[in-house]
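Starting from the known structure of chain C, arrange chain A on it as the hints suggest.
Going down the list, the sequences are from chains C and A.
Mapping the first sequence onto this note's numbering, position 79 (from 1) lands on 79, and the numbers just tick up by one.
Mapping the second sequence onto this note's numbering, position 46 (from 1) lands on 355, and the numbers just tick up by one.
Take the hints with a grain of salt, since some may be wrong.
[Unchecked claim] The calculated lysine to aspartate or glutamate pairs, modelled on DMTMM-like cross-linking and capped at a C-alpha distance of 25 Å, are:
no.	chain 1	residue 1	chain 2	residue 2
1	A	Lys420	C	Asp116
2	A	Lys342	A	Glu548
3	A	Lys414	C	Glu204
4	A	Lys420	C	Glu112
5	A	Lys414	C	Asp268
6	A	Lys397	C	Glu204
7	A	Lys414	A	Asp507
8	A	Lys338	C	Asp116
9	C	Lys123	A	Asp379
10	A	Lys420	A	Asp398
11	A	Lys350	A	Asp454
Read the hints as simulated data drawn from the structure, not as lab findings.
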Amino acid sequence: MTDTSMHAGEGTVIRKTQRRWGESFIQGWLKACAGISIFTTAAIVILLVVESLGFFQNVSPIEFFFGTRWVPLLEPSSYGVLPLLWGTMLVTVGAAVIAIPTGLASAVYLSEYASDRVRRWAKPLLELLAGIPTVVYGYFALTFVTPMLKVILPDIQVFNALSAAIVVGIMILPTIATLSDNALRAVPVSLRQAAYALGATSYEVTTRVVVPAGLSGIMASFLLAISRAIGETMAVTIAAGQTPNLSLSMLESIQTMTAYIVQVSLGDTPSGGIAYQTLFAVGMVLFAITLIINIISQWILSRFREVYD
Amino acid sequence: MSAPETELQRNHDEAVLELQEVSVLYSGKPAVKKVSCQIYKNKITAIIGPSGCGKSTLLRSLNRMNDFVDGVSIEGRLMFAGQDLYGKDVDPVEVRRHIGMVFQKPNPFPKSIYNNIAWGPSINGYTGSMDELVERSLSQAALWDEVKDRLHDSALNLSGGQQQRLCIARALAMEPQVLLMDEPCSALDPISTAHIEDLMFELKSRYTIVIVTHNMQQAARISDYTAFMEMGHLIEFGETDQIFTRPNVKRTEEYVTGRFG
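Okay, chain C solo, but in the shape it has when bound (with noise of 0.2 Å):
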């Protein structure tokens, strides 16, 4: 007969700690999982280190850092990196212009205008441009956007500036769009209201209590985005050729220190030399731009959370 006058907690018996050998092995190699890239990001960066060390031993670092001619294969050797950060900054900067204004106005139609119905479709849509090959934005570059432009601009060069910028700034857009967008709407809707009810019109809780309140997460997707440019590769490769330049025109072909960067790992550099340390050099200026940008965006996004407690 089953006792059902049984105190509570009568006849439980709390078992010892034990060994579970299964968690502790799936903790073991989720733990080995998340090791492998710290592993890999520092292994990377002594190795950025060690080699750019190795090339400051034969070039100084006044001429690599303010010199103004990037000849590293041919002799005479010059090994000013200025022309390589250029074509980088030209790059992104000019990317940065079509993309931050196009992409911020995405984001506030998106959040602020857009129905349900067209945000449903509108924003994957716009996600899928960054899904896109940058190989094939490259091409795109060189085949349809310059002889676009040849059309507007007859002096343009086969291989330039001005269409890699382009290109890089349509591939940066999802990310600014996106992140803005979120940002958008992480803002309460009490605040909204508390506007409207001002007798605010739309375009006004839009632009003077949403976009204020959501601007650190709206800058930190500028920064993203500009990180994202300066690492761009494969497209300005393609599009803004190889030749480094301190010119201020966007119409002519440059070199970004990706480009340079992909330029001397293709060819057949023997390993050791001083050209072969280049890579490291210029591989080491890039990850201390993008890293530092990376960084400040951090700072913002983490005083951003803490707008509305």
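Only chain A this time, still in chain C's reference frame:
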């Protein structure tokens, strides 16, 4: 509802808003059903009733805040200063300039105290002295003495009760004719609640107030008129004394005496 009308014919208060068979429908489903009543000038009108009775929905229809809800539609007429608020050529933005609102949860802008007050007047082209307006609004909301030395601090550093008084001051800065309050004390502690109730008494001489509250003691304490709603219907409307002491409808009596709801 013909019963309340005989009750109201006796008084000589001036109506600011007149609801004529107002229904609010969400995707065709009525949440407020043919409500008729008047909101009197310089009086506090409380709307009470159990959760989900449509009291907040009704309140939000008074300054067209329901316009932002998908699938909402309004029937009947809502007369304000001789115009139907839902008339064809009425700009809802303009409506909200005259009929302000304070929400359930304090919702200050993430800006300074000063800019919270100045925001509404500045977008609406206020040309007078902003400093004076800020001081006047904060004083009216009984907040000036507490914040006058830190007007440029973030409004988010204020306590909940202070934030709610800031939101009231922000609404007052627009000098609205009517102030709608949607359960303004529900997120506040008893002391802050008492502050706000005192404040409403003060404000009555200048503004007309409509407050939704689920706190019957509060309605009895502060209001001049009370509307009791249930399941979208206005069951009874009358002077607060009468509603709480001699209600005409059995349901009202049961609700205000706490027998249900």
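These are the hints, each one checked on the structure:
With a CA separation close to 30 Å, the supplied pair lysine 420/A and aspartate 116/C exceeds the 25 Å bound. This hinted pair checks out: lysine 342/A and glutamate 548/A have alpha carbons roughly 22 Å apart, not beyond 25 Å. Restraint check: the Cα-Cα separation between lysine 414/A and glutamate 204/C comes to about 22 Å, which is no more than 25 Å; the hinted pair holds. The hinted pair formed by lysine 420/A and glutamate 112/C meets the criterion: a straight-line CA distance of about 21 Å does not exceed 25 Å.
In summary, the hint linking lysine 414/A to aspartate 268/C is not supported, as the alpha carbons are separated by about 68 Å, beyond the 25 Å threshold. Restraint check for lysine 397/A and glutamate 204/C: satisfied, since their Cα atoms lie roughly 23 Å apart, inside the 25 Å limit. For the given pair, lysine 414/A sits about 19 Å from aspartate 507/A by alpha-carbon distance, which is consistent with the 25 Å threshold. Straight-line distance between C-alpha atoms of lysine 338/A and aspartate 116/C comes to about 21 Å, which keeps the hinted pair within the 25 Å bound.
For the hint linking lysine 123/C to aspartate 379/A, the alpha-carbon distance of about 20 Å falls within 25 Å, and the restraint holds. Restraint check: the Cα-Cα separation between lysine 420/A and aspartate 398/A comes to about 34 Å, which exceeds 25 Å; the hinted pair is violated. With a CA separation close to 29 Å, the supplied pair lysine 350/A and aspartate 454/A exceeds the 25 Å bound.
In this structure, the hints that do not hold are numbers 1, 5, 10, 11, in rising order.
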